[in-house]
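Colleague: Using the hints, position chains B and C against chain A.
So the sequences go chain by chain: A, B and C. The letter at position 195 of the first sequence is residue 195 when you use full-length UniProt numbering, and the numbering goes up by one with no holes. The letter at position 135 of the second sequence is residue 135 when you use full-length UniProt numbering, and the numbering goes up by one with no holes. The letter at position 22 of the third sequence is residue 22 when you use full-length UniProt numbering, and the numbering goes up by one with no holes.
Hints may be right or wrong, so weigh each one.
[What the hints assert, rightly or not] Below, a list of computed lysine-lysine pairs in the DSSO-like style, where the Cα atoms sit at most 27 Å apart:
hint	chain 1	residue 1	chain 2	residue 2
1	A	433	B	59
2	C	110	A	371
3	B	59	A	157
4	C	110	A	375
5	A	157	A	104
6	A	308	A	416
7	A	105	A	171
8	B	59	A	439
9	B	157	A	280
10	A	280	C	110
11	A	92	A	104
12	A	546	A	246
13	A	341	C	110
14	A	546	B	157
15	C	110	A	374
16	C	110	A	387
17	A	496	A	352
18	B	59	A	159
19	A	316	A	477
20	A	242	A	118
21	C	110	A	372
22	A	92	C	110
23	B	59	A	438
24	C	110	A	364
25	A	118	A	108
26	A	175	A	105
27	A	341	A	82
28	A	316	A	358
29	A	92	A	171
It should be emphasised that the hints constitute simulated quantities derived from the structure, not laboratory data.
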Amino acid sequence: MRGATRLTWAVGCATAVTLAAAGCGGGGGGGAAAGSSAGVVRAFWTDPQNPLEPSNTNEVQGGKVLEMTFRGLKRYNPDTGKAENAVAESVKTDDQQNFDIRLKKGWKFSDGSPVTAKSFVDAWNYGALVTNKQVNSYFFEYIDGYDDVHPEDENAKPKAQKMSGLKVTGKHSFKVKLNQKFSLWPDTLGYAAFSPLPEKFFTDHAAWLKKPIGNGPYKIDSYTQGQSMRLSVNEKYAGPDKPKNKGVELKVYTDQNTGYTDLQAGNLDVFDELPAGQLKNAERDLDGRYINQPAGLLQTLSFPLYKKEWQTEKAKQVRRGLSMAINRDEVARKIYHGTRKPASELTSPVIKKSGGYKPGMCGKTCTYDPKKAKKLIEEAGGLPGGKISITSNVDTGSHRQWMDAVCNSINNVLDKSDACSVNPVPTFGEFRKDIADKKLKSLFRTGWQMDYPLIQNFLQPLYYTGASSNDTGYSDKRVDSLIDQANESGEQEAVKKFQEAEQIVLEDLPAIPLWYQDGNAGYSDRVSDVRLNPFSVPVFTDIRVK
Amino acid sequence: MGRYVVRRLLQMVPVFAGTTFLIFVMVYAVGDPVNAMFGERAPDPATAAQLRAEFNLDKPVWQQYLLYMADIFTGDFGNAFNGQPVTQLMSTAFPVTLRLALIAIVIEIIFGIALGVVTGLRRGRPVDSSVLMMTLIVISVPTFVTGTLVQYVLGVKWGWIAPAVSPAAPVGELLLPGVVLALLSLAYVTRLTRASISENSRADYVRTALAKGLPRSRVTVRHLLRNSLIPVVTFLGTDVGNLMAGALVTERIFNIQGVGFQLWQGIVRQNSPTVVGFVTILVIVFLLANLIVDLLYAVLDPRIRYA
Amino acid sequence: MVERAPESPSAADEPPAGSPTAAAAGGGGGTGAAAGLAAPGEQAPGPAAPPGTEPGPSGQARSLWSDAWHDLRRNPVFVVSALLILFLVLISVWPGLIATRNPLSCQLNKSLDPASPGHWFGYDTQGCDVYTRVVYGARTSVTVGVCATLGVAVAGSVLGGLAGFFGGWWDALLSRVTDVFFGIPIMLGGLVFLSMTGSRSVWTVIAFIVLLGWPQIARIARGSVISAKQNDYVQAARALGAGNARMLVRHILPNAVAPVIVTATIALGTYIALEATLSYLGVGLQPPTVSWGADISDASQGMQFRNAPHILLYPAAALSLTVLAFIMLGDAVRDALDPKLR
Numbered sequence: 001m002r003g004a005t006r007l008t009w010a011v012g013c014a015t016a017v018t019l020a021a022a023g024c025g026g027g028g029g030g031g032a033a034a035g036s037s038a039g040v041v042r043a044f045w046t047d048p049q050n051p052l053e054p055s056n057t058n059e060v061q062g063g064k065v066l067e068m069t070f071r072g073l074k075r076y077n078p079d080t081g082k083a084e085n086a087v088a089e090s091v092k093t094d095d096q097q098n099f100d101i102r103l104k105k106g107w108k109f110s111d112g113s114p115v116t117a118k119s120f121v122d123a124w125n126y127g128a129l130v131t132n133k134q135v136n137s138y139f140f141e142y143i144d145g146y147d148d149v150h151p152e153d154e155n156a157k158p159k160a161q162k163m164s165g166l167k168v169t170g171k172h173s174f175k176v177k178l179n180q181k182f183s184l185w186p187d188t189l190g191y192a193a194f195s196p197l198p199e200k201f202f203t204d205h206a207a208w209l210k211k212p213i214g215n216g217p218y219k220i221d222s223y224t225q226g227q228s229m230r231l232s233v234n235e236k237y238a239g240p241d242k243p244k245n246k247g248v249e250l251k252v253y254t255d256q257n258t259g260y261t262d263l264q265a266g267n268l269d270v271f272d273e274l275p276a277g278q279l280k281n282a283e284r285d286l287d288g289r290y291i292n293q294p295a296g297l298l299q300t301l302s303f304p305l306y307k308k309e310w311q312t313e314k315a316k317q318v319r320r321g322l323s324m325a326i327n328r329d330e331v332a333r334k335i336y337h338g339t340r341k342p343a344s345e346l347t348s349p350v351i352k353k354s355g356g357y358k359p360g361m362c363g364k365t366c367t368y369d370p371k372k373a374k375k376l377i378e379e380a381g382g383l384p385g386g387k388i389s390i391t392s393n394v395d396t397g398s399h400r401q402w403m404d405a406v407c408n409s410i411n412n413v414l415d416k417s418d419a420c421s422v423n424p425v426p427t428f429g430e431f432r433k434d435i436a437d438k439k440l441k442s443l444f445r446t447g448w449q450m451d452y453p454l455i456q457n458f459l460q461p462l463y464y465t466g467a468s469s470n471d472t473g474y475s476d477k478r479v480d481s482l483i484d485q486a487n488e489s490g491e492q493e494a495v496k497k498f499q500e501a502e503q504i505v506l507e508d509l510p511a512i513p514l515w516y517q518d519g520n521a522g523y524s525d526r527v528s529d530v531r532l533n534p535f536s537v538p539v540f541t542d543i544r545v546k
Numbered sequence: 001m002g003r004y005v006v007r008r009l010l011q012m013v014p015v016f017a018g019t020t021f022l023i024f025v026m027v028y029a030v031g032d033p034v035n036a037m038f039g040e041r042a043p044d045p046a047t048a049a050q051l052r053a054e055f056n057l058d059k060p061v062w063q064q065y066l067l068y069m070a071d072i073f074t075g076d077f078g079n080a081f082n083g084q085p086v087t088q089l090m091s092t093a094f095p096v097t098l099r100l101a102l103i104a105i106v107i108e109i110i111f112g113i114a115l116g117v118v119t120g121l122r123r124g125r126p127v128d129s130s131v132l133m134m135t136l137i138v139i140s141v142p143t144f145v146t147g148t149l150v151q152y153v154l155g156v157k158w159g160w161i162a163p164a165v166s167p168a169a170p171v172g173e174l175l176l177p178g179v180v181l182a183l184l185s186l187a188y189v190t191r192l193t194r195a196s197i198s199e200n201s202r203a204d205y206v207r208t209a210l211a212k213g214l215p216r217s218r219v220t221v222r223h224l225l226r227n228s229l230i231p232v233v234t235f236l237g238t239d240v241g242n243l244m245a246g247a248l249v250t251e252r253i254f255n256i257q258g259v260g261f262q263l264w265q266g267i268v269r270q271n272s273p274t275v276v277g278f279v280t281i282l283v284i285v286f287l288l289a290n291l292i293v294d295l296l297y298a299v300l301d302p303r304i305r306y307a
Numbered sequence: 001m002v003e004r005a006p007e008s009p010s011a012a013d014e015p016p017a018g019s020p021t022a023a024a025a026g027g028g029g030g031t032g033a034a035a036g037l038a039a040p041g042e043q044a045p046g047p048a049a050p051p052g053t054e055p056g057p058s059g060q061a062r063s064l065w066s067d068a069w070h071d072l073r074r075n076p077v078f079v080v081s082a083l084l085i086l087f088l089v090l091i092s093v094w095p096g097l098i099a100t101r102n103p104l105s106c107q108l109n110k111s112l113d114p115a116s117p118g119h120w121f122g123y124d125t126q127g128c129d130v131y132t133r134v135v136y137g138a139r140t141s142v143t144v145g146v147c148a149t150l151g152v153a154v155a156g157s158v159l160g161g162l163a164g165f166f167g168g169w170w171d172a173l174l175s176r177v178t179d180v181f182f183g184i185p186i187m188l189g190g191l192v193f194l195s196m197t198g199s200r201s202v203w204t205v206i207a208f209i210v211l212l213g214w215p216q217i218a219r220i221a222r223g224s225v226i227s228a229k230q231n232d233y234v235q236a237a238r239a240l241g242a243g244n245a246r247m248l249v250r251h252i253l254p255n256a257v258a259p260v261i262v263t264a265t266i267a268l269g270t271y272i273a274l275e276a277t278l279s280y281l282g283v284g285l286q287p288p289t290v291s292w293g294a295d296i297s298d299a300s301q302g303m304q305f306r307n308a309p310h311i312l313l314y315p316a317a318a319l320s321l322t323v324l325a326f327i328m329l330g331d332a333v334r335d336a337l338d339p340k341l342r
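One chain only, chain A, in its complex shape (with noise of 0.2 Å):
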């Protein structure tokens, strides 16, 4: 059988070479016992749904490559998620609005160019520039000048090319100055929006875009869409982890259970996103060698607050009972086999306690109590409309299994076989739609991943009056000023503030927060030394081939 699977090992690379002017090779000096893949990790992976620009990548797929080819000014540490200086030598404050940086001298891109306090001006002006059409450019808007660059109204053009708040100092030093106070901003600059870009990406974008060249410990040897992106060890550089492999292979797949078929097969060394009735079995079927770790991502169940219905203090009421009534750690235990841990607040045990994960902030509220919950709801004069529905996409994750199981919950407890149902929507675009122009009239999904380990970002987003995220229509005047005053103060004092502010969020309860989600991987015997980072993307310069 090992020659069926080296056979068509020499298959696919005969189509790589002729499609790709890179070779097979692999890692340098591989070829001899295993085919050409000697020491390269071959991973799963679906093409990503944008091209792969640093601002213009918000998908897990497309972040795999950021960060196996990017380093900016810090990185999240994979094991404890706090931000530590990558390319930045120093960020410092006094006021908690100008910042001054400077650079560790002798980082190159993997062409050979430096980076420089311009690759990082460079590349923050243009994501923030709004015809460059970046998804991300949002990172940028507490930059000052990014309104010049980027202007909320959608027909007006932009006043300015760059944004005035970014200055150079020097060849490796320059500063930032943001239009408000926001002490926390330092942590939020590990995310790969904020990665430096080389000379090559102004010139000749399409070439780049064909084959991005970054600053991190892997470059891009080759990339065909739809097939595979082969990466190899980038000499040039500069940061602490170096990879311990030769190489990686990200391999496209149509399908997850695909992937995980192939991985038992020996065909895929590392292979996260198992599916959901894959994990009862993955612990047996890959003979212990799969991992679960906590992902700062935190599923909610939201209500449309911008209905009247929902608005009064006996909603208020219903909010809890609903709350109340579903058995979180049946549905985790049950349909998701303990990959998913039951939420008792708003943000993500990744952040740890010291960072504003405080479990059991939502007390009682957020504990399975049928008798309660019924009691709670029917003195509230029953649900709004005498029943509910719980509206996702279901083309993407598996959400159907549990909101099928969140509803037969609260069907349960108040006794009534029609009370909540599942509306579900065809599309994720669609999905988007409806909750922008505020369609829903009843509960909907919602999730967030986050972008930055902080407690501000599984906050401001999602609970600030009218900020980007704020699909529930939440506004608590409060909260706000707690945010405000949180992300003026230093940053013992941020987190206690925007736990105060989460602590009154959790009493209006504008969302029940249902579960945090981990991130989990399998892998093959021919590697070991496979962990997640806080996002649930793969360590890959730490995995050893064997």
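Modeller: Just chains B and C, lined up with the frame of chain A:
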């Protein structure tokens, strides 16, 4: 005959225009693709407006259609949202799917017709009933289940094959997916052949041929089968398209980036250039397949003539 | 069994003494099929009582349809399939007859539990009783399967039959329309048509299946009519001055109907499965509706059936049984309509 073919080819023009317009309007009706590009986050209106302008999504649908058609005639099928030209997608997807569909058709023809002849000649016998039972299993168990089971058993348990087809998709690796894909249609072909054969086996010309002293096998193949094939050929003609466009489930299971998969991706992401481009080619395939089927009628039954 | 004169074909009011219910259902099924298939050419003739003129040269006072009915009643295959279908109809109308629980009451802590006394089929992922769901699923699945198949068969045979019979520009027009419909991917069609209709009932799903399903039957019917048209007896009838309608119904239809029946009976099963695919995509029936298709699709999700085969087995078996009943019925009706088999 020649004039008939020319006329049929000319009829393709309105069908082509009609279908592309219909599909274009349908993709347009599904919703706004730009929303989906922003993930779990409300799109920033200014960036969204810029993106809409890039893909012409800000114009009325008829204008989008005309702009698109103008491009098509210069050979430009537009770009998918990740920047990949649709023609590039097509040039990798169609050859793979074509191979897969051909394998499935060949399996259908060989096994379907053979089983159909056998069961048609032995109606009500055990062999007939057992084939019927197998047909029922194939109909009631979804392709998803048969596909994953076969893949798991052969690919993981016994290790006979690589479970995922490599990007080059050589014929050898496509055999198993081909079998899975062919199963449902095989049921149709078998039952159709069976019905025709059992109906025609009592026809006068069969009796005459046998009375003349021709061997039974020759009568079955030359006389009986040839006269029984019209419904089967018709079905196979309609099936070519189904196999190419509707192989989504099989393609996903076996990791084949074919037409069905790309079409599905295009629909889910509301990427009209991909969808319209692929369907355009598919409609041409349907039209040609049907033309060939109609011409085959005349071959199978000499009494049928085309002016 | 009381011997009956073969001349009394009116099905419903004169059931055979032995099994009144079976005959009524059989009559219903047979009528449906016959009406569906007889449609080309003229307004569908009455169930089993066509104009009483003598067709053949023999002068025997028996029409094709009364002959067929006469044959059917004595065909064990027909009786068995009719009984099965009757049973399905009964549990579709009154599922409470054989299932006492509520299909929507589920206990998650019993998720995927195997069979136990009183719960013969075990529990599904959500902890619902599989037996109860299989019984309650019959209504949706049988309705969708049967109605969609009838609709597709009627629309397909009328359009395809006319195209094949008349040829020329009629054929060109109808065939090209068929091509356009073939070009619409079923997923895209589903997303567009079904997501635009706000509340989706069984009937919207059926209408959708008919809308995109008729071209296949139309092609088959057209091919078969083109081929039947060439037969000597058709040419003879034309020479004798028979009108179009008469030729279609009397001579071509019985000889062209076999492939349509065969395709339609198999398609019935695929339509039940299609309903599930549509639900899976989020454009089918809304979740509280119980159906076999939806349960099969749930069982297939992420290979859930690997952990508990029973959640796939029972709804799939129910689906096979239904398809089997209709395939048998179709075979029997076809045989009865074929004069060569007499």
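Colleague: Each of the hints needs a verdict: does it hold here or not?
Modeller: Cross-check of the supplied hints:
Between the alpha carbons of residue 433(A) and residue 59(B) the distance comes to roughly 19 Å, so the proposed pair stays at or under 27 Å and holds. A threshold of 27 Å between alpha carbons decides the hint, and for residue 110(C) with residue 371(A) the separation of about 21 Å falls inside it, so the pair holds. The suggested pairing of residue 59(B) with residue 157(A) holds, with an alpha-carbon distance near 19 Å, which does not exceed 27 Å. Note on residue 110(C) and residue 375(A): the hinted pairing holds, with a Cα-Cα distance of about 26 Å set against a maximum of 27 Å.
For the proposed pair residue 157(A) and residue 104(A), the alpha carbon gap of about 37 Å is over 27 Å, so the pair is violated. Between the alpha carbons of residue 308(A) and residue 416(A) the distance comes to roughly 25 Å, so the proposed pair stays at or under 27 Å and holds. Annotation: proposed proximity of residue 105(A) to residue 171(A) holds, straight-line Cα distance about 9 Å (limit 27 Å). Of the supplied pair hints, the one linking residue 59(B) and residue 439(A) holds, its CA atoms being roughly 24 Å apart against a limit of 27 Å.
About 18 Å separates the Cα atoms of residue 157(B) and residue 280(A), which keeps this hinted pair within 27 Å; it holds. Only pairs whose Cα atoms come within 27 Å are accepted, and residue 280(A) paired with residue 110(C) is accepted, the gap being roughly 15 Å. For a cut-off of 27 Å, the pair hint linking residue 92(A) to residue 104(A) stands: about 14 Å separates their Cα positions. At most 27 Å may separate the alpha-carbon atoms for a hinted pair to count; residue 546(A) and residue 246(A) meet this at roughly 11 Å.
About 20 Å separates the Cα atoms of residue 341(A) and residue 110(C), which keeps this hinted pair within 27 Å; it holds. Taking the CA atoms of residue 546(A) and residue 157(B), the gap is about 24 Å. The hint holds against a cut of 27 Å. Note on residue 110(C) and residue 374(A): the hinted pairing holds, with a Cα-Cα distance of about 22 Å set against a maximum of 27 Å. Taking the CA atoms of residue 110(C) and residue 387(A), the gap is about 26 Å. The hint holds against a cut of 27 Å.
The suggested pairing of residue 496(A) with residue 352(A) holds, with an alpha-carbon distance near 14 Å, which does not exceed 27 Å. Using a Cα cut-off of 27 Å, the hinted pair residue 59(B) and residue 159(A) holds, with the two alpha carbons roughly 25 Å apart. With a C-alpha separation of about 17 Å, the suggested pairing of residue 316(A) with residue 477(A) holds against the 27 Å cut-off. Pair hint residue 242(A) plus residue 118(A) holds up; C-alpha atoms about 25 Å apart against a cutoff of 27 Å.
For a cut-off of 27 Å, the pair hint linking residue 110(C) to residue 372(A) stands: about 23 Å separates their Cα positions. At roughly 57 Å between alpha-carbon atoms, residue 92(A) and residue 110(C) are farther apart than 27 Å, so this suggested pair is violated. Restraint check for residue 59(B) and residue 438(A): the C-alpha separation of about 24 Å stays at or below 27 Å, so the hint holds. A distance of roughly 25 Å separates the Cα atoms of residue 110(C) and residue 364(A); the hinted pair therefore holds under the 27 Å criterion.
Of the supplied pair hints, the one linking residue 118(A) and residue 108(A) holds, its CA atoms being roughly 13 Å apart against a limit of 27 Å. Under the criterion of a C-alpha separation no larger than 27 Å, the hint pairing residue 175(A) with residue 105(A) is consistent with the structure, at around 17 Å. A hinted pair counts as satisfied when its Cα atoms are at most 27 Å apart, and residue 341(A) with residue 82(A) qualifies at roughly 22 Å. Of the supplied pair hints, the one linking residue 316(A) and residue 358(A) holds, its CA atoms being roughly 23 Å apart against a limit of 27 Å.
Annotation: proposed proximity of residue 92(A) to residue 171(A) holds, straight-line Cα distance about 17 Å (limit 27 Å).
Hint violations for this structure: numbers 5 and 22, all remaining hints satisfied.
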